[in-house]
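Colleague: Below, each chain spelled out in residue letters.
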Amino acid sequence: MSGVVITGFGVVSPIGLGVDAFSHALRAGACGVSTIDLFDASAYRSALGGQIKADVRTEHARALCEAAGVPMQTRYGRTALFSLAALGEALAMAGLHTEELGDGETGLAFGGCTAGTFESEGTLLGLEDGEDYWDIVPPMELLMTPVGTTADVLLSVSGVRGPVSTISTACSSATNAIGLGLRWINSGRATRVIVGGADGLCRLTHCGFNALRLVSSEVPRPFDARRNGMVIGEGAGVIVLEDAERAAARGAIVRGRLLGFGNGAEAHHATQPRPDGSGAAAAMQAALDDAGMDPCRIEYINAHGTATQQNDLTECRGAHLVFGPRAAQMPISSTKSQTGHTLGASGAVEMAAVLLGMRDGFLPPTVNWGEADPEIALDPVPNVGRAADLGIALSNAFAFGGNDASLCIAHPDAEVGS
Amino acid sequence: MIRPVLTALGVLTPLAIGRAEFEAAWRAGECAARIADGPTAGGLAVDSFILRKSFPAGRALMRRMDRLSKMICMSGALARDDGPGLGDVSRMAIGVGTDLGTLEETWAFLCRLRDKGPEFANPNDFPNLVPNAGAGYLGILMGARGPSHTFCQHSTCADDAIAWAADGVLAGWFDAGLAGGAEELGEIRAKAMARSGCPITEGPAGEGGAMVMVESEARAEARGASPLAVWRGSWGSSGLRRGSPLKREVDPDAVAALVELAQRKAGIAIGVALLSHPGDAALRDGVMRGLGREVPLTDHDARCGIHPADGAVRTALAGMLLADGSLPVNRSGALRDGGGALLVSAGRGGGLRASVWTEA
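Heads up: the sequence lines are chains A and B, in that order. With my numbering applied, the first sequence covers 489 to 906. With my numbering applied, the second sequence covers 10 to 369.
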C-alpha cells in the first residue's frame, strides 16, 4: 500500500466521548442538541447548542491518554481539554506514545476558531461595577485566546518536533488542516502528521451566528423542507496521518486512507455561497482529481449540511454539478444534525464519522429529517444509520469567506484505482 | 522542473507603503517616525492608508471590511500593481498569515454584548471576526478561485503562508500564490501583551503587512513579469523548551539544527538573515551556529516595528535585497555578501520556520 493512511483517530462530541460511543450514537440517530447551560443563552434568538455536558475526563479517556503519554490538563480551558482527550485516543489507537513523536518527521497541523475565547470572554462579561478587566484577567486566559494556542498545547504534550501550523478558515479549518497534513506527507515535509481541529462553545460565536439570523431555535433539520438554521456545537477530532510505508514498517493497523483533498475560494461574498453551487462543486471535483478518483466510485458524502436554507441548497446543487443525475440517489447526510455545527472542529469530527461508518458498516444519518424539500434531490439517510459496506466517500466543509474544502477518504480494503 | 519565483511585492508598513517607497526609505536609512501615543506608546502604526484614493475596493465592499482586512487587501493590490498584473487568477491561491486577527474588533463586539445585550450585536461585524475574513475579501477583490488558507501559528504565520504558496506552485496544486500576512496594532494588543507577561522587549510593536506574488518561472516569463528572487525551500520544526508551552522562549539548539538543515538542503551560501526577533540573543545565537558563520542581519525591527505576521514584510525585503545588491542590509550600510537570504521565524509555543530565497 502506498499513499497516506490513517492509523488512529479520536473524537470528543456532544453525542459521544470517544470513537466507540460516537459511532454508537451516530448509528442510533442520537441528537446532542440541548439547551445551553455553559452560559446564559436565554436572551439569544436560540438557546440551543450542541454542548458537551459530560466531563470528558472519563475513566476510559484517562486510560487512553495515560497509555499514549498525554496528560489531560484542565488549566488550558475547554477547547484544549477536548483536544487533549481526542489526541490521547488517536495516539492510543495508532499504537503510538508521545515519546515516539520527537523524531523531527512528525508534524502537527491543526484547525480551529475559538481556542480559549470562552474563558477570556467569561471574565470580561462577568465584570462587576468598577472592575477593570486588565486588572483581574488571569494571564493564562489571555495566552490561551489566540487560535494558535490549541496547537501550542498539543505540541507541548506530544513532543512533536516537526513542522507545526494552525489553520483558521472558519468552518473549514479542520478540513484544511487535514489537507495540509496530506500535502506535507506527499511532498516529503513529514512522514507522519497529527491533524484535526477543535472548538469550544462560546458567547462570541453563539452571539455572532444569532445576529446573522443563521441559527435555529429548534433542532437542526438539514436538507428538510422545514429547515431554518443551524445550531452551534463544540468538539474535537484528532487524526493520525502516516506515510503508508512508514505505517507498514512499524506494523500499524490501517484505519482508512486519505486519497485526496480539494480547496477553493468562491471569490463571491463574505458569508453567502455562490447560489449555483459552483464553489461547492469545485472543491469536491478538486478532491476527486487529487485522488485520481472517478466520481462514479463515490458511495457517500458527509455533507457540510448546516441546515441553513442557502447552504443546503447550494451544496445539493454542487453535488448535482459533480455527480449528475446520480446525485439524486446519492446518500448525502449531515452529521451536524446530531452534533450541531462544531465550527473549526467539524471537518475532523465528520471525518471521524466517515471512518467509523467504514469501520462499523453503516452510513451516518441526517436526524430530525421528516419532510423532503422538492428543490433538494438527494438521499439524506434519514434519522438512523443505514447498514452499508462503505468503501469510498467525500467529506465536505464550506466556510465564511467562500472557503470550500473536501476530502476523499477510503476504507483500508477499498480498491482505489479509478 | 518548476522553479517558484517571487515576482511582485505589496508592502504596507509604518516605514512606507508600496515597494518603491519602502525601498527608497530603506536605502535612505529612514526609521518609521510616527510613534503612537497612549497605550500603544512605543509602537509603530501604519499611516492612514485607508483614506488613500488608491484603496482597491469599491465603497460598498470597503464599508463592510474591518481594518485588518483592509490592510490585507491594500497589500494585495499593491502586489498586483507591482508589475504586469496577476495573470490568470482562476488557479491562483491566497495565503494569509495573522496571529491575532481582528483582536480590536472582537473586543469591541464582546464589550457591546456585555453592555447592551445580544439583540444589539451588529450582524455586519461578526463575519469580520473570523481570521480568514481578510483572505476572503482579497479573493473577492482579485477574483481568485484557487485554494485559500489562513495561517495563525503566532510569529511563523506569514512564513507558513508564503511557504505553502511556494510549495503549492512547486507541486502544481495551483499556478500562483498571492501570499503574506498582516497584523494590526491597537490598545487591546498592547494591554494583552503587557498583562500576559509577554511584553515585546526585542523591538517596538508594529503593524501592517505585505503580500507577495509567488509563481512558476515559466508563468512569470509568459506574462512578462520579472523574477526578483528564486525560492529554495522552507523547513518547519518546533523547538519548545519544556515548561513554557505558551511563551516564546527560543531553544537555540533547535534553531541551529533547523538553520543547518535549511542551508544544507537549499545548497547555497547565506548572505543575509532576516529574523523575526533580531533582538533575541537565543535566536541570533542559534541562527549563527546553524550557519557556521556570522552574516549581516536586517534591522527591520527597529525601523518598521515587530508583529507576528512580519514574516511577509521580511520576505518582501529579502526580495528587494536579492534583486538589488546595492541595497544596504541595515543602517550600518552593510551589504549582502552575494549569498542567499535566510528568513527565520520563532513563534511562541515553539514553532520555527526557516525559508531560503536566492537571486533570480
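Incorrect hints may have been included.
Only pairs whose alpha carbons sit at most 16 Å apart, straight line, appear in this in silico EDC-like list of lysine to aspartate or glutamate [what the hints assert, rightly or not]:
id : chain 1 : residue 1 : chain 2 : residue 2
1  : B       : 125       : A       : 528
2  : A       : 541       : A       : 525
3  : B       : 200       : A       : 623
Since the hints were made in silico from the structure, they are not lab data.
Colleague: Work down the list of hints and note, for each, if the structure agrees.
Modeller: Status of each hint after checking the structure:
1. B/125 <-> A/528: holds (15 Å)
2. A/541 <-> A/525: Judged against 16 Å, a Cα distance of about 8 Å means the pair holds.
3. B/200 <-> A/623: Given pair residue 200 of chain B, residue 623 of chain A holds - Cα atoms ~10 Å apart, limit 16 Å.
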